[in-house]
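J.: Below are the chains, spelled out letter by letter.
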Amino acid sequence: MAADLADLASAARAGDRAAFEGLVRATYADAYTLAYRLTGSEEDARDVVQDAYLRAYKGLKRFRGDASFSTWLHRITANCAATYLVKRRKARHEVLDEEQAPADERPEVDPEARAALAFERERLGAALQGLPAQMRAVVVLRDVYDLPHEAIARELGISEGAAKVRLHRARRRLRERMFPARGEPGGEEVADAV
Amino acid sequence: MRCEDVAELLPQVVDGGRADPSVRAHVEACLRCQAEMVQYRKLLKALHNLRTEVLEPAPGMLPGILASLEAVGERGAVRSLLSGHRAAYVGGVAVATAAAGAAGAFLVVSRGRRRVRLAS
Numbered sequence: 001m002a003a004d005l006a007d008l009a010s011a012a013r014a015g016d017r018a019a020f021e022g023l024v025r026a027t028y029a030d031a032y033t034l035a036y037r038l039t040g041s042e043e044d045a046r047d048v049v050q051d052a053y054l055r056a057y058k059g060l061k062r063f064r065g066d067a068s069f070s071t072w073l074h075r076i077t078a079n080c081a082a083t084y085l086v087k088r089r090k091a092r093h094e095v096l097d098e099e100q101a102p103a104d105e106r107p108e109v110d111p112e113a114r115a116a117l118a119f120e121r122e123r124l125g126a127a128l129q130g131l132p133a134q135m136r137a138v139v140v141l142r143d144v145y146d147l148p149h150e151a152i153a154r155e156l157g158i159s160e161g162a163a164k165v166r167l168h169r170a171r172r173r174l175r176e177r178m179f180p181a182r183g184e185p186g187g188e189e190v191a192d193a194v
Numbered sequence: 195m196r197c198e199d200v201a202e203l204l205p206q207v208v209d210g211g212r213a214d215p216s217v218r219a220h221v222e223a224c225l226r227c228q229a230e231m232v233q234y235r236k237l238l239k240a241l242h243n244l245r246t247e248v249l250e251p252a253p254g255m256l257p258g259i260l261a262s263l264e265a266v267g268e269r270g271a272v273r274s275l276l277s278g279h280r281a282a283y284v285g286g287v288a289v290a291t292a293a294a295g296a297a298g299a300f301l302v303v304s305r306g307r308r309r310v311r312l313a314s
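Chains H and X, in that order, are what the protein sequence lines are.
The first sequence begins at 1 in our numbering and counts up by one.
The second sequence begins at 195 in our numbering and counts up by one.
Treat the hints as calculated values from the structure; they're not laboratory data.
Virtual Cβ for every residue (Gly too), placed ideally from N, Cα, C.
Careful, some of the hints might be misleading.
Residues from chain H that keep clear of chain X, each with C-beta distances beyond 12 Å, as calculated [to be verified]:
(1) D4
(2) D7
(3) Y84
(4) K87
(5) P132
(6) E150
(7) H168
A few chain X residues that face chain H, going by a derived Cβ cut-off under 10 Å, partial list only [to be verified]:
(8) E202
(9) L204
(10) D209
(11) Q233
(12) L238
(13) H242
(14) E250
(15) P251
(16) G254
(17) M255
(18) G267
(19) V289
Pairwise CB distance ranges (calculated) [stated by the list, open to error]:
(20) X:A223 with H:D146: 31 to 39 Å
(21) X:A252 with H:D16: 24 to 32 Å
(22) H:P148 with X:A261: 33 to 41 Å
Next up, chain X with everything else stripped away, as it sits in the complex (with noise of 0.2 Å):
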């Protein structure tokens, strides 16, 4: 095995990834090989490491943030209020509709019977 063969499965094989044995006896027996394998390492020690680092934002981010979901939360009660309005208005419109048609017939009954009466 050469090792530009080898150097293209580094990046795998640093952290554990799945490795032909014949691609490892490579490493063990390679010196060229073998440095690349440390310099992965290393790299991946870097970045690992790079978690523990947290940047600063601008002052003003955290302020930004807050007002935008202040924002989103304010449209979200007043969609809510709406909807809540809107469920009361059409239940009014229908309170109102079965009332006005339980008046009507109401009157075409008591109508009815007046004419009954009037005829006897």
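So that you can see chain H by itself, here it is in the shape it has in the complex (with noise of 0.2 Å):
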């Protein structure tokens, strides 16, 4: 996959526009999802992505080949989400589903437990969701994406040390949404399980 892509992005870098389209069908799902978990929103996602494959194909002359054409389409994506975001500039308050713990880690053993699992993401999407878009950003570039501190400074438009600063706060507040103390909602069962 990742070789079908460098020969993809190779020969789109060539000129070749259906080269250009087959890196677009191969990896718009990711995009999307990287774009939907920024905004939070199904529609300013696709425009989002949208926005991230123009610029990739007006900028393809500057993909040097030396990250893989995903990561150079994420830290895009990122920036047409920071973009978007500042001039959206209206905040979104999703309501918080918090009524169980995460409980088994091990999805591939049953079915019950893959049922786990995707009640675990749907609640840590939630969390996320609840996060200001600016905190959001950092921890899902870099936890989820596994983005360096440097590229989602420059991506986004703001400090290393203000990225660091946003995604230990941003853990902070997902941890306590996720594992909240003995006496907040949903807090006793958590704490027994944890």
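Assemble the dimeric complex from its two separately framed chains, guided by the hints.
T.: Here it is in structure tokens:
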């Protein structure tokens, strides 16, 4: 897959339009997933992805191939999402689902474990969407997509120090939501489970 | 060192961030901070696992992206075509000007020779 993408990217850089379309087909769902995680909205994610591919197409000559095409596209998507969120400037408040704790860590074992994983993902997704957009962007890019601090800072237009501070704050908030203390909503079950 | 102070540092310590030895020593000896550290590790693992999840975009999204790329490609083609025409136009004007200049110079020279011949 990675080799295929590298070949397609190389052909696209040489001006092959069909190769770029092949790249889009191979990566758009992944780009959409990242955009959705960053924006928290299907509609916004669609716009961000469209913009990201346009930028990628126009900037293809600048893609040197030292990173994978996916990583390069993630950075462009993050940059587009940051620009989009700044433009949008409207807060979104999602209701968090705080019913139960994550349960099993071995999803491959049985259907119950898979269901538990799906439930955990749903809770984590809700917790992520409950974060302010700037904080969510940093934790998603670092802890989900494994981008280096320096790249995250550049794409979001902030200093590396600020990116780290946001990351640590985001982790703290997520932990508090995923593992609420006793006395907080959902705290009894979680405290027992940990 | 107090748990409250250590708690501030756990989000950066959890994935290998630099930490004062006194922080590590506190965590090793404190069950409460160890429990928090375990929660952070679980959180990071759950976040990392999200990477394998790919959401399904709406069916019209791919055609939309391809259509917008097509439009950009066409605009680019038209632009390069126009700039090619412009270059040809400018080139044509330059050649015509040069030709007109050469013709003018030839006329002036030939009239001058005729006058000279008539005078002699």
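J.: Each hint needs a verdict: does it hold in this structure or not?
T.: Cross-check of the supplied hints:
1. With a least CB separation of 17 Å from chain X, D4 of chain H remains clear of the 12 Å interface cut-off, as annotated.
2. Against chain X, the non-interface label of D7 of chain H holds: every CB pair exceeds 12 Å, the least being about 19 Å.
3. Even its closest Cβ contact with chain X, about 16 Å, leaves Y84 of chain H beyond 12 Å, as expected for a residue assigned away from the interface.
4. Non-interface call for K87 of chain H relative to chain X: holds, since the shortest CB-CB distance, roughly 18 Å, exceeds 12 Å.
5. Non-interface status of P132 of chain H relative to chain X is upheld: no Cβ of that chain comes within 12 Å, the nearest being about 16 Å off.
6. Residue-level check passed: E150 of chain H sits 15 Å from the nearest beta carbon of chain X, beyond 12 Å.
7. The non-interface label for H168 of chain H is inconsistent with chain X: the shortest C-beta to C-beta separation is roughly 4 Å, within 12 Å.
8. Taken as an interface hint, E202 of chain X checks out: its beta carbon lies about 8 Å from the nearest beta carbon of chain H, inside 10 Å.
9. The beta carbon of L204 of chain X comes within 8 Å of a beta carbon in chain H, closer than 10 Å, and the hint placing it at the interface holds.
10. Because the closest C-beta pair between D209 of chain X and chain H is about 8 Å apart, less than 10 Å, the hint holds.
11. Interface hint at Q233 of chain X: satisfied, since its Cβ lies 5 Å from the closest Cβ of chain H, which is below the 10 Å cut-off.
12. Interface hint at L238 of chain X: satisfied, since its Cβ lies 6 Å from the closest Cβ of chain H, which is below the 10 Å cut-off.
13. A distance limit of 10 Å between C-beta atoms decides the matter here; for H242 of chain X the minimum to chain H is near 7 Å, and the interface restraint holds.
14. Hint status for E250 of chain X relative to chain H: holds, with the closest Cβ pair at about 7 Å, below 10 Å.
15. Annotation: interface hint on P251 of chain X holds; nearest CB of chain H at approximately 4 Å, less than 10 Å.
16. A cut of 10 Å between beta carbons decides the hint on G254 of chain X: the least distance to chain H is about 9 Å, and the hint holds.
17. At about 6 Å, the closest approach between the beta carbon of M255 of chain X and any beta carbon in chain H falls short of 10 Å, and the interface hint on this residue holds.
18. Hint status for G267 of chain X relative to chain H: holds, with the closest Cβ pair at about 6 Å, below 10 Å.
19. Using the Cβ-Cβ criterion of 10 Å, the hint placing V289 of chain X at the interface with chain H is not satisfied: the shortest such distance is roughly 31 Å.
20. The beta-carbon spacing between A223 of chain X and D146 of chain H, approximately 32 Å, falls within the hinted interval of 31 to 39 Å.
21. A hinted range of 24 to 32 Å for the beta carbons of A252 of chain X and D16 of chain H is consistent with their spacing of about 28 Å.
22. Roughly 34 Å separates the CB atoms of P148 of chain H and A261 of chain X, a value that falls within the hinted 33 to 41 Å.
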